[in-house]
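Asks: First to last, the sequence lines map onto chains A and B.
Offset between the first sequence (1-based) and our numbering: plus 412.
Offset between the second sequence (1-based) and our numbering: plus 412.
Since the hints were made in silico from the structure, they are not lab data.
Values in this document were obtained by computation on a predicted structure and should not be read as measured data.
The beta-carbon is built from N, C-alpha and C at its ideal position, and this holds for glycine as well.
Be aware that one or more of the hints could be misleading.
[Stated by the list, open to error] Derived lysine to any residue pairs resembling SDA-like cross-links, with alpha carbons at most 20 Å apart:
hint, chain 1, residue 1, chain 2, residue 2
1, A, Lys634, A, Phe469
2, B, Lys510, B, Gly533
3, B, Lys606, A, Glu605
4, B, Lys609, A, Gln598
5, B, Lys532, B, Asp484
6, B, Lys510, B, Val555
7, B, Lys609, A, Ile679
8, B, Lys685, A, Tyr624
9, B, Lys532, A, Glu605
10, A, Lys606, B, Gly533
11, B, Lys599, A, Gln598
12, B, Lys599, A, Lys634
13, B, Lys532, B, Tyr564
14, B, Lys671, A, Glu605
[Claimed, not checked] With beta-carbon atoms standing in for the labels, derived distance ranges:
hint, chain 1, residue 1, chain 2, residue 2, range
15, A, Asp515, B, Met413, 23 to 29 Å
16, B, Met413, A, Glu619, 54 to 60 Å
17, B, Glu667, A, Pro675, 23 to 29 Å
18, A, Ala462, B, Arg676, 33 to 39 Å
19, B, Ala674, A, Glu619, 25 to 31 Å
There are 2 protein chains.
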Amino acid sequence: MSFREHFRVNPGNKVRVEQMDASAVLGLSVKEPDPTLLEAARHQDMETMAGLQHKLFAENKRALLVILQGIDCAGKDGVVRHCFTGFNPTGCKVWSFKAPTLDEQGHDFLWRIHQRTPGKGEVVVFNRSHYEDVLIARVKELVPEDVWRPRYDTINAFERYLTSGHTEVLKLFLLIDKDQQRRRLQKRVDNPEKNWKFDPADISERERWDDYIKAFDEMLEKCSTEWAPWHIIPANRKWYRNYAVTRILRETLEEMNPKFPAPRDDISGMVIK
Amino acid sequence: MSFREHFRVNPGNKVRVEQMDASAVLGLSVKEPDPTLLEAARHQDMETMAGLQHKLFAENKRALLVILQGIDCAGKDGVVRHCFTGFNPTGCKVWSFKAPTLDEQGHDFLWRIHQRTPGKGEVVVFNRSHYEDVLIARVKELVPEDVWRPRYDTINAFERYLTSGHTEVLKLFLLIDKDQQRRRLQKRVDNPEKNWKFDPADISERERWDDYIKAFDEMLEKCSTEWAPWHIIPANRKWYRNYAVTRILRETLEEMNPKFPAPRDDISGMVIK
Numbered sequence: 413m414s415f416r417e418h419f420r421v422n423p424g425n426k427v428r429v430e431q432m433d434a435s436a437v438l439g440l441s442v443k444e445p446d447p448t449l450l451e452a453a454r455h456q457d458m459e460t461m462a463g464l465q466h467k468l469f470a471e472n473k474r475a476l477l478v479i480l481q482g483i484d485c486a487g488k489d490g491v492v493r494h495c496f497t498g499f500n501p502t503g504c505k506v507w508s509f510k511a512p513t514l515d516e517q518g519h520d521f522l523w524r525i526h527q528r529t530p531g532k533g534e535v536v537v538f539n540r541s542h543y544e545d546v547l548i549a550r551v552k553e554l555v556p557e558d559v560w561r562p563r564y565d566t567i568n569a570f571e572r573y574l575t576s577g578h579t580e581v582l583k584l585f586l587l588i589d590k591d592q593q594r595r596r597l598q599k600r601v602d603n604p605e606k607n608w609k610f611d612p613a614d615i616s617e618r619e620r621w622d623d624y625i626k627a628f629d630e631m632l633e634k635c636s637t638e639w640a641p642w643h644i645i646p647a648n649r650k651w652y653r654n655y656a657v658t659r660i661l662r663e664t665l666e667e668m669n670p671k672f673p674a675p676r677d678d679i680s681g682m683v684i685k
Numbered sequence: 413m414s415f416r417e418h419f420r421v422n423p424g425n426k427v428r429v430e431q432m433d434a435s436a437v438l439g440l441s442v443k444e445p446d447p448t449l450l451e452a453a454r455h456q457d458m459e460t461m462a463g464l465q466h467k468l469f470a471e472n473k474r475a476l477l478v479i480l481q482g483i484d485c486a487g488k489d490g491v492v493r494h495c496f497t498g499f500n501p502t503g504c505k506v507w508s509f510k511a512p513t514l515d516e517q518g519h520d521f522l523w524r525i526h527q528r529t530p531g532k533g534e535v536v537v538f539n540r541s542h543y544e545d546v547l548i549a550r551v552k553e554l555v556p557e558d559v560w561r562p563r564y565d566t567i568n569a570f571e572r573y574l575t576s577g578h579t580e581v582l583k584l585f586l587l588i589d590k591d592q593q594r595r596r597l598q599k600r601v602d603n604p605e606k607n608w609k610f611d612p613a614d615i616s617e618r619e620r621w622d623d624y625i626k627a628f629d630e631m632l633e634k635c636s637t638e639w640a641p642w643h644i645i646p647a648n649r650k651w652y653r654n655y656a657v658t659r660i661l662r663e664t665l666e667e668m669n670p671k672f673p674a675p676r677d678d679i680s681g682m683v684i685k
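Required output: the full structure, derived from the provided sequences and hints.
Replies: Structure follows, in structure tokens:
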């Protein structure tokens, strides 16, 4: 059993995220792991990944798209900071999708997304994504149900298209519980160095907690496919969240097994003058 | 005297890169430094930079644009890999400019460049840049002199505009000598894991070495301005090149002195429920 399978939503399965333990520690041989040891293991994984990324770039045939979702304060920014710092930025880009601009609103919802999908050899991270169009768009009723509901199928078809080409799609949902969100929002209020992350809208969004949970459940059920399954990462504990995401990334890249292109016969023995 | 000043081309000065020592070790207190110790110091600089980058992003007011130029094999990719891995990719993007696409050719030479300049809070690296339009464009006569010659002034005005706004521009020219280029090209031929970096065009480009030197000299003279001076980095020795670039980056970010935004009065004492 791969490490990743502990987190995978099997296509067709029901999902109730509120019944899951956001503080769980899955896939480890010990029940009470030492965070310091896990962090050391994680740094080894990151070094391994740097080598794999270099080969993926040299190979120039395939790409990895990582999609991060999660409620406010779930740790999306933290995952990027901890798990992707260490990638060579030449072949790694992070795109954070905010409220669509007026220009973007003038197009279909996948228009801005497709512009940011990775080219061959690249690793791209979406911090939020097209999934917002079945999450915030639904919860805040930005569009009527007959507009957002067909998007599940549209998204599945879009991702199938990407994966039928050069792109591997890895979808990670960061799960925290309501009390953990409260603590993190409070820190943004209390710590002056974290004030800049506080958005008053976070308060009104928090009031819609139950609506978001419902939207998450349906998104995770409807869009966990054979070609691009969702993974639910217990994210109350940052050290475990970082460990799990890094390990899943490493496993994914190892399975892709990128290789340096075959040695070139046409230059063999050439002497540069 | 700042570390950076050792490398700066003072505006108005003559430049003859062929008379400079590409193996020089500048700005250190010892004549024969220990590469291992320098590498350790460099990693400390990188940790300091990660903190500064985080503040620059939080501040969300200013940006840093790093422009890398140098002849084939000068080490542009290596500098990105060694000196920018460790930046949080959320706020750091690298753009490698290759031969312009047909679409780009249909526009002025700064059109594709301006689309990639950094937004507030960002660090952006140009691996090659608009300077190719007074380098390869000149050497290979892709356009006549009456087209490329006015570009020096155009570039200076463009960079003045950027720096009068939110952007700091740091220009680094990596200097290697002709024999060092030969050795590095030979490695790309001999090492199967480096074959993918070998481009047969590199051979014909190498034959134009003297023309490139002339174009470099004029670019460095004409476009070293008070607002965006060039820095010439001796780059024959990779460990010194990496040390010098990292130290210059750190110094630049320290002088920018980014700060977390002021604590917000409006949320002081707020209790999250």
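Asks: Take the hints in turn and mark each one as holding or not.
Replies: The hints, checked one at a time:
Only pairs whose Cα atoms come within 20 Å are accepted, and A/Lys634 paired with A/Phe469 is rejected, the gap being roughly 33 Å. Of the supplied pair hints, the one linking B/Lys510 and B/Gly533 is violated, its CA atoms being roughly 26 Å apart against a limit of 20 Å. For the given pair, B/Lys606 sits about 44 Å from A/Glu605 by alpha-carbon distance, which is inconsistent with the 20 Å threshold. Restraint check for B/Lys609 and A/Gln598: not satisfied, since their Cα atoms lie roughly 50 Å apart, outside the 20 Å limit.
A distance of roughly 31 Å separates the Cα atoms of B/Lys532 and B/Asp484; the hinted pair therefore is violated under the 20 Å criterion. The hinted pair formed by B/Lys510 and B/Val555 meets the criterion: a straight-line CA distance of about 17 Å does not exceed 20 Å. About 12 Å separates the Cα atoms of B/Lys609 and A/Ile679, which keeps this hinted pair within 20 Å; it holds. Between B/Lys685 and A/Tyr624 the alpha-carbon distance is near 17 Å, which keeps this suggested pair within the 20 Å criterion.
For a cut-off of 20 Å, the pair hint linking B/Lys532 to A/Glu605 stands: about 18 Å separates their Cα positions. Distance hint between A/Lys606 and B/Gly533 is fulfilled; the C-alpha atoms sit about 16 Å from each other, no more than 20 Å. Straight-line distance between C-alpha atoms of B/Lys599 and A/Gln598 comes to about 56 Å, which puts the hinted pair past the 20 Å bound. Taking the CA atoms of B/Lys599 and A/Lys634, the gap is near 51 Å; set against the 20 Å cutoff, the hint is violated.
The hinted pair formed by B/Lys532 and B/Tyr564 fails the criterion: a straight-line CA distance of about 26 Å is larger than 20 Å. In summary, the hint linking B/Lys671 to A/Glu605 is supported, as the alpha carbons are separated by about 9 Å, within the 20 Å threshold. At about 48 Å, the beta-carbon gap between A/Asp515 and B/Met413 misses the expected band of 23 to 29 Å. For the hinted restraint 54 to 60 Å between B/Met413 and A/Glu619, the CB-CB distance of approximately 58 Å keeps it satisfied.
Range check, B/Glu667 to A/Pro675: about 46 Å between beta-carbon atoms, so the 23 to 29 Å window is missed. About 38 Å separates the C-beta atoms of A/Ala462 and B/Arg676, a value consistent with the hinted range of 33 to 39 Å. A hinted range of 25 to 31 Å for the beta carbons of B/Ala674 and A/Glu619 is consistent with their spacing of about 28 Å.
In summary, the numbered hints that this structure violates are 1, 2, 3, 4, 5, 11, 12, 13, 15, 17.
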